[in-house]
Amino acid sequence: MSQGSLKEGSLEEGSLNEVGPSVHASAVKIGQRAVLIRGPSGSGKSRLAFDLIMAGRSGVVERAVLVGDDRVHLATVGDEIEVRPAPVLAGLIEIRGLGIRRCDFVEHATVGLVVDLDAADAERLPATDSLKTLISGVEIPRIPVGRGYSPLPLVVAALTTTKSSSSVNPSGDCLKGNGNHMNPTIATE
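All residue numbers for the sequence shown refer to my numbering, where the first residue is 1 and numbers rise by one.
Simulated from the structure, these hints should not be mistaken for lab results. Careful: at least some of the hints might be erroneous.
Quick list of the computed label-pair ranges, beta carbon to beta carbon [unchecked claim]:
#	residue 1	residue 2	range
1	V60	R102	16 to 26 Å
2	G99	E123	34 to 44 Å
3	R96	T128	18 to 28 Å
4	V60	I95	34 to 44 Å
Backbone N, C-alpha and C fix where the C-beta goes; we use that ideal spot for every residue, glycine too.
Model the full assembly from the supplied sequences, consistent with the hints where possible.
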């Protein structure tokens, strides 16, 4: 895994070239894939990114490393979407109440899950179509999170459980898996 750092001269020149459009979002690599966090200003994108990093450190989810906070660049690579930090913000994350802080980061990751904060279409039992989104023609699993709801438990559940099927008693114990609610491996592998 390519790990970036903020020590002067530690990044190869040109390694963080802007690729694709800049979007107002944050991203965290968990396992082999990134969670892309979208939402309006003040919706908690940076907070969720930091919470996921801390969840990775505590073992709640696989190792989690910042890709970018506030602005990221997206590019289509084959049939996947790659996310990179905005070069000027690489390795920086906003922690409300503390300001801008330095953080370990990776230079790129493949997006495996999109979380939309303050989503108007968030429901208790969401329709299948609301659990996916298209970015540049690439379909990606999605979690819509309503205003006022904590996104961390939803993302952790998506990354650590599998979707039940009609052959599984929904009142039974939660299935434990190494994937998410859309597909057992798409978000992290």
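Hint-by-hint comparison with the structure:
1. V60 to R102: 16 to 26 Å: holds (23 Å)
2. G99 to E123: 34 to 44 Å: holds (36 Å)
3. R96 to T128: 18 to 28 Å: Between R96 and T128, where Cβ atoms are some 34 Å apart, the hint is violated.
4. V60 to I95: 34 to 44 Å: violated (19 Å)
Hints 3, 4 from the list above are not met by this structure, while the remaining hints are.
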